[in-house]
Structure formats: C-alpha cells, structure tokens
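Enquirer: With the hints as constraints, model all of the structure from the sequences given.
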Amino acid sequence: MPVTENWKPTIVAFCCNWCSYAGADLAGSSRLAYPADVKIIKVPCSCRVNPMFILRAFEKGADGVILCGCHPGDCHYSTGNYYARRRMTLLFSMLDYLGVEDGRTRVEWVSAAEGVKFSETMNSFVEKVRGLGPNVRLGDLRCRN
Amino acid sequence: MRRIGVFVCHCGSNIAATVDVKKVVEMALLEQGVVHAEDYPYMCSEAGQSHIAEAIREKQLDGIVVCSCSPRMHEATFRKCAEKNGLNPYLVEIANIREHCSWIHKDMQEATEKAVILMRAAVAKVHLNAPLKAGESAVTKRALVIGGGIAGIQTALDIADAGYHVDIVEKEPSIGGRMSQLDKTFPTLDCSACILTPKMVEAASHENITIHTWSEVEKVSGFVGNFTVDIRKKARYVNMDKCTGCGICQEKCPSKKPLNEFNRGLNNRSAIYTPFAQAIPNVPVIDAAACIKLKTGKCGICEKFCQAGAIDYAQTDEIITQQYGAIVVATGFDTIKLDKYGEYAYGESKDVITSLELERIMNAAGPTKGHLERLSDGKAPKEIVFIQCVGSRCSDDRGKPYCSKICCMYTAKHAMLIRDKYPDTNVTVFYIDVRTPGKNFDEFYRRAVEDYGVNYVKGQVGKVAPQSDGSLLVHGVDLLENKQILKKADMVVLATAIEPNSDVRKIATMLTASIDTNNFLTEAHPKLRPVESPTAGVFLSGVCQGPKDIPETVAQAGAAAVKVIGLLAKDKLKTNPCTAKADELRCNGCSQCAGVCPYGAISYETRQVNDHGIREDRRIAVVNSALCQGCGACTVTCPSGAMDLQGFSNRQIIAEVDAICR
Ligand SMILES: Cc1cc2nc3c(=O)[nH]c(=O)nc-3n(C[C@H](O)[C@H](O)[C@H](O)COP(=O)(O)OP(=O)(O)OC[C@H]3O[C@@H](n4cnc5c(N)ncnc54)[C@H](O)[C@@H]3O)c2cc1C
Ligand code: SF4
Ligand code: SF4
Ligand code: FES
Numbered sequence: 111m112p113v114t115e116n117w118k119p120t121i122v123a124f125c126c127n128w129c130s131y132a133g134a135d136l137a138g139s140s141r142l143a144y145p146a147d148v149k150i151i152k153v154p155c156s157c158r159v160n161p162m163f164i165l166r167a168f169e170k171g172a173d174g175v176i177l178c179g180c181h182p183g184d185c186h187y188s189t190g191n192y193y194a195r196r197r198m199t200l201l202f203s204m205l206d207y208l209g210v211e212d213g214r215t216r217v218e219w220v221s222a223a224e225g226v227k228f229s230e231t232m233n234s235f236v237e238k239v240r241g242l243g244p245n246v247r248l249g250d251l252r253c254r255n
Numbered sequence: 002m003r004r005i006g007v008f009v010c011h012c013g014s015n016i017a018a019t020v021d022v023k024k025v026v027e028m029a030l031l032e033q034g035v036v037h038a039e040d041y042p043y044m045c046s047e048a049g050q051s052h053i054a055e056a057i058r059e060k061q062l063d064g065i066v067v068c069s070c071s072p073r074m075h076e077a078t079f080r081k082c083a084e085k086n087g088l089n090p091y092l093v094e095i096a097n098i099r100e101h102c103s104w105i106h107k108d109m110q111e112a113t114e115k116a117v118i119l120m121r122a123a124v125a126k127v128h129l130n131a132p133l134k135a136g137e138s139a140v141t142k143r144a145l146v147i148g149g150g151i152a153g154i155q156t157a158l159d160i161a162d163a164g165y166h167v168d169i170v171e172k173e174p175s176i177g178g179r180m181s182q183l184d185k186t187f188p189t190l191d192c193s194a195c196i197l198t199p200k201m202v203e204a205a206s207h208e209n210i211t212i213h214t215w216s217e218v219e220k221v222s223g224f225v226g227n228f229t230v231d232i233r234k235k236a237r238y239v240n241m242d243k244c245t246g247c248g249i250c251q252e253k254c255p256s257k258k259p260l261n262e263f264n265r266g267l268n269n270r271s272a273i274y275t276p277f278a279q280a281i282p283n284v285p286v287i288d289a290a291a292c293i294k295l296k297t298g299k300c301g302i303c304e305k306f307c308q309a310g311a312i313d314y315a316q317t318d319e320i321i322t323q324q325y326g327a328i329v330v331a332t333g334f335d336t337i338k339l340d341k342y343g344e345y346a347y348g349e350s351k352d353v354i355t356s357l358e359l360e361r362i363m364n365a366a367g368p369t370k371g372h373l374e375r376l377s378d379g380k381a382p383k384e385i386v387f388i389q390c391v392g393s394r395c396s397d398d399r400g401k402p403y404c405s406k407i408c409c410m411y412t413a414k415h416a417m418l419i420r421d422k423y424p425d426t427n428v429t430v431f432y433i434d435v436r437t438p439g440k441n442f443d444e445f446y447r448r449a450v451e452d453y454g455v456n457y458v459k460g461q462v463g464k465v466a467p468q469s470d471g472s473l474l475v476h477g478v479d480l481l482e483n484k485q486i487l488k489k490a491d492m493v494v495l496a497t498a499i500e501p502n503s504d505v506r507k508i509a510t511m512l513t514a515s516i517d518t519n520n521f522l523t524e525a526h527p528k529l530r531p532v533e534s535p536t537a538g539v540f541l542s543g544v545c546q547g548p549k550d551i552p553e554t555v556a557q558a559g560a561a562a563v564k565v566i567g568l569l570a571k572d573k574l575k576t577n578p579c580t581a582k583a584d585e586l587r588c589n590g591c592s593q594c595a596g597v598c599p600y601g602a603i604s605y606e607t608r609q610v611n612d613h614g615i616r617e618d619r620r621i622a623v624v625n626s627a628l629c630q631g632c633g634a635c636t637v638t639c640p641s642g643a644m645d646l647q648g649f650s651n652r653q654i655i656a657e658v659d660a661i662c663r
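Which chain is which? The protein sequence lines are V and E, in order. The first sequence runs contiguously to residue 255 in this note's numbering. The second sequence runs contiguously to residue 663 in this note's numbering.
Derived by calculation from the structure, the hints in this document are not laboratory data. Note that the Cβ used here is the ideal one computed from N, Cα and C, for glycine as well. A few of these clues could be false.
[What the hints assert, rightly or not] DSS-like cross-link-like pairs, simulated, lysine-lysine; straight-line CA separation at most 30 Å:
#1 Lys-227/V - Lys-341/E
#2 Lys-172/E - Lys-305/E
#3 Lys-464/E - Lys-507/E
#4 Lys-401/E - Lys-227/V
#5 Lys-338/E - Lys-227/V
#6 Lys-227/V - Lys-507/E
#7 Lys-227/V - Lys-528/E
[What the hints assert, rightly or not] Footprint (simulated), chain E over chain V, 3 or more residues, beta carbon under 8 Å:
#8 150 to 164
#9 168 to 180
#10 198 to 210
#11 220 to 228
Expert: Right, dumping it as structure tokens:
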C-alpha cells in the first residue's frame, strides 16, 4: 500500500467498561480531542481481550491496536488487568518478532477520572503508528479491497 | 437474517453539528439486515422512543442499534424501551457517536466517517446478540460502614432508623473522627463535642447499630447485595464487657512516653488509653508497642488496679465474618505531611503549628488545657500569623493541586476565636483568595474582618525564620499594596492541605472502588451519582470522596444512606445476564478456567454429552451464573475455545473488529 500524505491509520482501542471506557467518555465530555482514526470497542474487562482479537485486527488491516484497562489494583474484577498484562506482554513480543513493530501495540491503564490521560494516550499512540506507516506484515491480502 | 433498525440521534446539535446524521442513516440502510433507519432530534425523549416503538411493531425488528450518546448514559433507557415493546432488551446495541465522536472531532467529514464505522460495528455485533434474561439474587439486609467519623456515624444512624442493621468499623479506639478533635465549629461557633457527642451516644445505643472500634476491614468478597467481609478486631487487651470506664488504669500506668495521637503528638499519653474523655466505647486499649507487661512480662499494674478485672493480656486479634448487602466508605482524611515545606520552619520551631494542632491547643481537654500558649516557652502569643493554602492549590508536586475547601473558613474561625478571647493579641492572615461560598459563610468571614479586626493580607509567605530571641520573622508580600512585608510573630499557624486517609488505597482495592489521581474515591458520576462508587453496592460518604465541611459531610452522609436504604429495601436484585458459559462439546475439563475466576463461579460436573452421535460421560465446566460477574478472564484462558461470554462473545467482538477494519 503506498504511503500517501493523507494516509490515515486504522486503530482499534479495546477499553474495559469500568475505567477506560468511562475515561474515554470523560475525554469526550471534556472535549479533549484525539484523532478520528481511533475506534473504541467496549469489553467488560481488559482480561476479556483474547490475543486472537488483536491478531484478527492486524490481519484485517489494522495499523495499531491499543488495550486500555483500569490501573493495577483497581480492576473492577480485582485481577483481570494482571492477566491482560501478562498475556499482552507475550503477544506483543511475538508480534514484534513477526514484524508487527512494538509501536503498533500498547497497553495503557486509564481510570474513569483520567479523560486527559485518555486523550493524551490516543494522541501519542496515533502519532507513533503514523510514523510507522501502514502495517504490512500480518495483513491478509485477501481481506483488502 | 436479523431485521435491524438503526436510530440516529442528533442530540440537539451535540451530535448533528459535527456528524452528518442523514449520511449515517443513508449508510445504515446499505448494511446487511438493516430494514429501517431514521434520525431524530432527541432519541431518548418520549417522542424519540415512540419512533423506536413504532418501527419495532411495523417492521418487526429483532435487533436495534441506537447511534447516540455513551451507553453509560442511555443504554438502560433504550433497553427498557425495547422491552416495553416486546423485544428482548439485550438485542439493543449503542454506537457511541457523541462522547467518542462528535464531541472530540471538529471536521464534519472525518466525524461522519467515524460515526458510520461505529454504526457498522454495532450493527455487526447486534446480528450476533442473543436474547438474554437477567437472573435474580437475594439481598442481605445489613450494611457495613467503614469509618466512624461524623460521615460514617450519620450514614449509620439514617440507615438504622430506616430499620436495617448497620455495622460501623472504626480503626481507632473510638468513633468520632476529626470532628472530635475540633474545638468550635464554623459558621456558628458551637462547640464541636457538644453537637457530636449526642450523635455518638445515639449510634452506640441504637438497637440497629453495632460498632467495632479498634477494628479494620481485612477482606471483602462477593458483590452488590451479597458481600462477605472479614473484620479484624485488634486485640484491645481489655475485656469490653467487664470494663466500667473508670480510668484508673490510665492514671496508674507507668508507661507515659507514647505521643498522644489525638492531640496530634503535642503531649503524651499512657500505654493504656482512651483517646479522649467522651470516647465511645469508653473502654481503653493497650498500645502493645508501649506496654511494659506485653513487652517484658513485668509490670501488670493496670491489672492490679482494675476493680472490674477487665484487663486481659492474653487477648488476641479476632476475625469476624459477616454478610452485607451494601458497603459505605467513610474513611475521611488527614492533613498532609509538611516535610517538603522547609520554608515554613514547621518541625524546626515548636511555635509553627498546623491548624489542627491549634484546634487541640484551644480545646479545654487539649495539651495546654485550652490556654493559648506557645509550645516552646508557655508564653501567651501577642502576634499570631496565619498562612493559608499551605500545600493546597499547589502547582508543583510538593502539595496538592486542589483547594482543601475548609481552610478559609476555619482560619476565619480561629482568628475570630482568638481575637474574642485574647483581645490584645494581633492576628494577621496571609491568603491567596478567601473562598466563602457556603450559607452564612461570607457573613462569617466579614465578621472576622469588620467586628474582630483581623488583619487580612492578600499575598503569600516565602519564609518563616526562627529568631534567636524565640520569635519568628515572617517574610511575606502584600499583593494589593505591592510591597514586601517583614512581620515578627510569636506563633505561626499553617492551614495545611487535607488529603484522604493513607489506607484509602487499600480499602479501594479491596472493594474494587476506584480512586482519582489525588486518592479521593471516585463517584459513579461526578454530577448525577455523587454518593455511589462505580462499583455497585459501594457508596461514598464524607471527605473520603472530596474536601467537605461538616454540613456538607452530613448532607452527603444522608444521601449515601438513602441509596443504601433503597438497595436494602429490595428483596431481589436483577443480576447481569452477561455471564460466561462453556460449550459442553468443546470443553475438555482441563480446569484452567476455575483457576482464573475471581469469584469461584466455575465448578466441574460429569455430564453425558452427545458428541456427533457418540454419547459419553465427560467432565465439563459449569458456570454458576449467580456468582459469575462477567469479566471474561476464563474465556481467554480456555485453551479449547469452549468458554465464551454472553453479550461479549468471541464472535461478537470479532464482528466489531472486522467492521472497524473493513
Ligand atoms: C483544622 C480543621 C478545622 C475544621 N473546622 C471545621 C469547622 O469548624 N466546621 C466544619 O464544618 N468543618 C470543619 N472541619 C472539617 C471537618 O473536620 C470534616 O468535614 C469532617 O471531619 C469530615 O468527616 P468524615 O467523617 O468525612 O471524616 P473523618 O472525620 O476523618 O472520619 C473518618 C473516620 O474514619 C476512620 N477510618 C479511616 N480509615 C479507616 C479504615 N481503613 N478503617 C476503619 N476506619 C477508618 C478514621 O479513624 C475516622 O474516625 C475542620 C477540619 C480541620 C482539619
Ligand atoms: S466470566 Fe468467567 S472468570 Fe469472570 S466471573 Fe464469570 S466465570 Fe468467573
Ligand atoms: S478452560 Fe475451557 S476446556 Fe478447560 S475446563 Fe474451562 S471451559 Fe473447559
Ligand atoms: S475492569 Fe478495567 S481492567 Fe478489569
């Protein structure tokens, strides 16, 4: 895919219902802008995110995937984010090995009170992914128009 | 194939000004299965909902997508609307095109494109939504209040008066909290103990209230309506049933070195002590770290003198396990440590004190028996300087970014009380702003200035320098006169910022309630749900949620009580039907899932399954839907892909991913 001036990355953000989704809502009601490239999928907890979902996203053409959950210790279900953190550490290092650079994946803890952090996180993540350009490694060519 | 209706809300101009709603409707009609799409100014209004109702009926919809504000706002509204019109409420999905789209993007084309994608993801998901039915769980009709300050006491009294049993857990030897340390209270100047003590007594004698002092919450499990809590009753070494509260033990105890916490360490107490005379319960505790008998085995004087035979050195901690339907956090606050504020010479000079220390000094039961004295030499101060906002409204990381809210008022109170009792003592107050936005508050402050001649100087203090003659030289500025001020003082009082109690983080973690960047507990909604935490069944009362004075604390305490009463009045609660479920044909009984479930909801059963015509007995995972809270940890752990979460199934989430990446 040619990298053009106005190329826009596709970015999937998984947000847990209790903290990060609410943090994204707060970013919204405080009108804290971040690029429209970010599309949020709500999950009950960060631990609901199966590595398969992330692989699927890259396969279908995502350029970056970010997982947001409650701060360590604050997970609504006590321990979910610890599982998520361990799973993602493994997955991301495997993805990096496969050529999906580290910068295209991220885990971030954002509380319901951190609208500012949510917006800042998304801004910096999108900038990073833009810098990396389109993801070509895992993309399934059959999925492209 | 589902018959899906898409409803796009303008939200007045909140959405429509940035998202081309007509375009979203047009694009929706191109999606597979969408048989109806329309836009409306306010979907959540009666009229908007009647549009949805009509479409359900006329187009036989069996799936609905509302493109509107956050599901946290109106998902419940639209689910109810569906249910009323014969559609299972879980066949409704929300595309959040306000908070996650129109409010954060400026460019109409960009925002519209994004709204279309969010709509598509919701349509893709709703194709796979299954009708779900909420289960029911019973409610334990008993409440727990953590913290026995004025907030906790008031909440407990209100709940108890409504007929439900309440337990108060207080970590100190007595209930009462900070208010019991105050001398007089603004804006009326009535004595704090005089209005607090009757409430403490009322709580102690209420048939529906059990008070556990010298106790802490150790473990919390369960969920709204059904919490199980372990409370550690620390060893008191005094038998509560036998003690008559005569106080002879405290008098005779030879270990008199420990700092008196109640008097903020300004004097000492005995190893066996009650924090203050009106303590409830009026039963002392032995400070094991200071007790000679407990440390060396020798002494035993209190036991000898106790006529009631109440001393029991062999007592150990006790764990009480109790069920509750609701939990209220009322853990209050402390003042910040001042070690980063060297310029004020606190800790260097005994005559630089905090306002809370001044409360103790002014109190008749305090370290100076209520006489205003310098702690260095016992002399009466003739010049007193108050410095406001010490550590509050601070832009660097030495202090707190917020306003502590109570300091302007209590400083005016202190100044007025001093001028009233010691008219020949001069009082100067350095302030940044004077904030008095409460009922009768500004009048109170003006009285301090106009009637009591308190000298208010707008400006900050850069330094307090102890002098060789024992006085303090205050280096300040007067911003209105635009000049430097050097003022000699005998005493300096720091209106020190307040912060949540240090163990609030531990409590929040136990309850999975969240705290903000300043460690105050977070409310479920900053405007509309100020006394509920985001965790169902956990409520907030008092300063643990944010700085407050007593009237506000009491109001919030009552509000929290009403929420608790509303919950306890229900016999059954609807449970979240989005629970996990194992596919019996795929599950191989490996037991991985039970290991990650935080609620112990998964067990194993041997069941006969019919796998493509082969009948056999297999060990399979069974989820108890009353215990499952729907986190999804098990679904990802399952190596066979057997475990799935209803409402957030693998296929549903993948459908959303596909729609976004397509
Ligand atoms: C110097 C000063 C002067 C003031 N003067 C006034 C005034 O004149 N008028 C006025 O309206 N307000 C005044 N206030 C404010 C007033 O003190 C508070 O509004 C009030 O005390 C708040 O009550 P609370 O119950 O929320 O917190 P607290 O009084 O702090 O009570 C919290 C209780 O919870 C307990 N606790 C904490 N953690 C735990 C735990 N983990 N487990 C069990 N128990 C726990 C604590 O021991 C304490 O007993 C003043 C404050 C200060 C600092
Ligand atoms: S989703 Fe699974 S891990 Fe989470 S509570 Fe339910 S059964 Fe337990
Ligand atoms: S982890 Fe999966 S396969 Fe193993 S017992 Fe649980 S549901 Fe069955
Ligand atoms: S609920 Fe937010 S990470 Fe578990």
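Enquirer: Given the hint that Lys-338/E pairs with Lys-227/V, does the C-alpha gap stay at or below 30 Å?
Expert: At roughly 28 Å apart (the allowed maximum being 30 Å), Lys-227/V and Lys-338/E satisfy the hint.
Enquirer: Quick one: see if chain E covers the region 220 to 228 of chain V, three-plus residues with Cβ-Cβ under 8 Å.
Expert: It holds, with 4 qualifying residues against the three required.
Enquirer: Holds or violated: Lys-172/E with Lys-305/E, Cα cutoff 30 Å?
Expert: With a Cα-Cα distance of about 28 Å, the restraint between Lys-172/E and Lys-305/E holds, given a limit of 30 Å.
Enquirer: In terms of beta carbon proximity below 8 Å, does the region 168 to 180 of chain V have 3 or more residues touching chain E?
Expert: This one holds; 4 residues, not fewer than the three required, reach chain E with a Cβ under 8 Å.
Enquirer: Take the C-alpha atoms of Lys-464/E and Lys-507/E, compute the straight-line distance between them, and say whether it is at most 30 Å.
Expert: 36 Å, violated
Enquirer: Hey, Lys-401/E versus Lys-227/V, does the alpha-carbon distance stay inside 30 Å?
Expert: Holds, at about 18 Å.
Enquirer: Please verify whether Lys-227/V and Lys-507/E have alpha carbons no more than 30 Å apart.
Expert: With Cα atoms ~23 Å apart, Lys-227/V and Lys-507/E stay inside 30 Å; holds.
Enquirer: Three residues minimum, CB to CB under 8 Å: does the region 198 to 210 of chain V make the cut for coverage by chain E? Let me know.
Expert: violated (count 0)
Enquirer: Can you confirm whether the C-alpha distance between Lys-227/V and Lys-528/E stays at or below 30 Å?
Expert: Judged against 30 Å, a Cα distance of about 21 Å means the pair holds.
Enquirer: Are at least 3 residues of the region 150 to 164 of chain V within less than 8 Å of chain E when you compare beta carbons?
Expert: Per the Cβ count (13), the hint holds.
Enquirer: Would you mind confirming whether the straight-line C-alpha gap from Lys-227/V to Lys-341/E stays at or under 30 Å?
Expert: With a Cα-Cα distance of about 27 Å, the restraint between Lys-227/V and Lys-341/E holds, given a limit of 30 Å.
The structure fails hints 3, 10 (numbered hints given earlier, in ascending order).
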